[in-house]
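**Q** So the protein sequences, as listed, match chains A and B. Per the numbering used here, the very first residue in the first sequence carries number 1; after that it's consecutive. Per the numbering used here, the very first residue in the second sequence carries number 1; after that it's consecutive.
Wrong hints could be hidden among the right ones.
As the list claims (entries may be wrong) - Here are the simulated EDC-like cross-link-like pairs (lysine to aspartate or glutamate), alpha carbons at most 20 angstroms apart as the crow flies: (1) Lys21(B) / Asp65(A); (2) Lys21(A) / Asp328(B); (3) Lys208(A) / Glu93(B); (4) Lys10(B) / Glu212(A); (5) Lys50(A) / Glu121(A); (6) Lys3(B) / Glu183(B); (7) Lys397(A) / Glu26(A); (8) Lys403(B) / Glu183(B); (9) Lys21(A) / Asp322(B); (10) Lys13(A) / Glu325(B); (11) Lys403(A) / Asp89(A); (12) Lys21(B) / Asp322(A).
These aren't lab readings, by the way, just hints derived from the structure by calculation.
Protein chains: 2
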Amino acid sequence: MGKSLDEIGKAAKDAAGSLTKMSTNEKNRLLQECAQALLDQSGKILDANKNDLEAAVGIKESYRDRLALNASRVEAMADGLREVAALPDPVGEVPMMKTLPNGLIVGQRRVPMGVIAIIYEARPNVTADAFGLCFKAGSACILRGGKEAIGSNMAIVRSFQETLKKNGANPDIVQLVEDTSREGAQGLMKLNSYVDLLIPRGGAGLIKSVVENSTVPVIETGVGNCHIYVDESAKPEMAIPIIINAKTQRPGVCNAAEKLLVHRAIAGTFLPEVCEALKEHGVLLKGDKSAASIVPYIELATEEDWGTEYLELVMAIKVVEDTGEAIDHIQQYSSHHSDAIVTENYSNSQRFLNEVDSAAVYVNASTRFTDGNEFGFGAEIGISTQKLHARGPMGLKEITSTKYVIYGNGQIRG
Amino acid sequence: MGKSLDEIGKAAKDAAGSLTKMSTNEKNRLLQECAQALLDQSGKILDANKNDLEAAVGIKESYRDRLALNASRVEAMADGLREVAALPDPVGEVPMMKTLPNGLIVGQRRVPMGVIAIIYEARPNVTADAFGLCFKAGSACILRGGKEAIGSNMAIVRSFQETLKKNGANPDIVQLVEDTSREGAQGLMKLNSYVDLLIPRGGAGLIKSVVENSTVPVIETGVGNCHIYVDESAKPEMAIPIIINAKTQRPGVCNAAEKLLVHRAIAGTFLPEVCEALKEHGVLLKGDKSAASIVPYIELATEEDWGTEYLELVMAIKVVEDTGEAIDHIQQYSSHHSDAIVTENYSNSQRFLNEVDSAAVYVNASTRFTDGNEFGFGAEIGISTQKLHARGPMGLKEITSTKYVIYGNGQIRG
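Bound-form chain A, shown alone:
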């Protein structure tokens, strides 16, 4: 049986200490070695994954797909580690440095977070991704994946630990919580002595449980009940492709649109057109009474619909009186991930950008762009929907901290 959570925490903290002395070159070299180890141990990893799949009877097909590995998925994990190695190292950056009137030189230096815990679900590739990003950002990580993937995760983490050890690094830089019971996760959420940051990655239920139960600092990620509001002045030939893209290009992800708000003045002409296009893409349509009175195959939405992240080909449509009502609706029901207005009206676009309080607010573009790679961060550990520390896509910089370094020559305070 594995170590206790307390032992894991203590070992992670020690390992984090060793990381503060590791150069960027050394981290990059070890990431390359770990990528190679994944390929070298591909056989063991795939065997373990096969056992996991066999044991996971009765799970949903979509869940099984996320759990499954094959040779090309293992290669993708290795490529991911190599891409992280190629990214600039955020540690050591100096965002601010200045000389005070008394001659003290005060600098703010970017430093590792320390120990980062990640709680996630079925995807074993998160194990490699999360390790790569945390390690490059100078932090030790404690990984707690879903119970169905335990064998795969153990094989992946073991390949990293062996590689680190062989290269003289502390293998506890990456550790897996082998206790996949509810208690294992709950314990990790309260490991304040050792864990500097906990990031949950998964569905709304997991995120909610982490936020409600954690006493360690958490960054809430990913739930996306995203809206597109089509203003009176919108060009239909711009609005329809944006809606189709945001709803159907990849419906199972957090930046996909779930709700469509349409200005009453254009609803009579615009709704039949956009609904036809959505129907052709296989989208099931729900809506309020006004929408349903215009398009007969719209089902009536319930109050619950407005707050729901469908993650599938379903969209709920509401007719609104104006930009103000659209903003009020979004403020009330949005998960504050990504929301968009389509408009040609300058004042309405500005008002929407100012008043919608979400991580990413768009004018005339698809919500699907809220993504670390699309924003040019190179990699992403998740999309924060909270306001503290990081908001929106989180790259390497967002999982670091800072400290003040002060150079004096004998200054004392008067």
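Fit chain B to the known structure of chain A by using the hints.
**A** Chain B in isolation, oriented as in the chain A frame:
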């Protein structure tokens, strides 16, 4: 009786919404009006404070001093609000803006946090300070002060609410939790639907309780078990003034030094000299066996001493073998607030800056400089000793969030 916590939270969230539309000029004007209201209502505030002081039987004299107001303290609160009005507004700053290859313009804009809760102890001046900073940073605040100050706090908050209302602003921009029971504080710590950030201000016990019980995002502040390490190469004529300043200039604050580490090679000559100076300043000295064997009036320290923030004229001294042992000791016992090395050795100074993982790390200067005003932030809501969101002194910028605003012309994701 006051509103329920849930009603307070909801009202604060509504008020925060109204703040997103308020210009800097309007916020500054209202801050000036609130400063004037404090002076105009000085009589009522001092009467309420007199009642608080009379009711607070059996409290410590230092606590009574913090609780007490007089005309000049009320003026200082008003001055504080005027100073905050004069500071630049962080809201609306654009830390980053760029055009992506597909033509999307992505900007990161500084926005208000939303609703900030502050839990604090006896000082009624925190009521005015916290309101001023939160309001200038565009957030509504929920204040929960100590039960001894409830009358004073109610009078202060009422003067602000009346001023806001008279000027057409939402009075719920500032609210006081009138339930000063333990349950009142605990409820606030779990008000996730409404509170975006909770900042505890007070002693170690309060901070610990907030960190352990909160499910809303918290910024941990203020506990300072600060160290000064005097290296073999240190100049005594620089080290002694730094130690005296850090220990005795204001012993009751979080950036005062509590521990002194001295390199063994100089302990025999340096310790008698520095201890004499500390004794002259009324400091009670504790220490390990080595220190006590050199200076006879050093009392033996216990294991508990090394982790204790004294906040009074007490200092514990340890003799260490080298910079490495000093760093290890600090990493183990420091509250990671402010720690300093005094040295003439370049490599040791760099190593100390790199390896000591504290909010502020000093070479050759007093730890007393860790302060928002000293660092040039203009004002300070506390000093963060956690790694998430803000670390070290927190000014207006540190109590804001950001959001991404994206300007498109019909972009969809490929």
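**Q** For every hint, state whether the structure bears it out.
**A** Against the structure, the hints come out as follows:
1. Lys21(B) / Asp65(A): It is violated: about 46 angstroms lies between the C-alpha atoms, which goes past 20 angstroms.
2. Lys21(A) / Asp328(B): The hint holds at about 14 angstroms.
3. Lys208(A) / Glu93(B): It is violated: about 32 angstroms lies between the C-alpha atoms, which goes past 20 angstroms.
4. Lys10(B) / Glu212(A): holds, 19 angstroms
5. Lys50(A) / Glu121(A): holds, 17 angstroms
6. Lys3(B) / Glu183(B): holds, 14 angstroms
7. Lys397(A) / Glu26(A): holds, 19 angstroms
8. Lys403(B) / Glu183(B): violated, 34 angstroms
9. Lys21(A) / Asp322(B): holds, 18 angstroms
10. Lys13(A) / Glu325(B): holds, 18 angstroms
11. Lys403(A) / Asp89(A): Status holds; Cα separation ~16 angstroms.
12. Lys21(B) / Asp322(A): Distance ~18 angstroms between Lys21(B) and Asp322(A) Cα, so the pair holds.
Going down the numbered hints, you'll see the structure goes against 1, 3 and 8, while the others check out.
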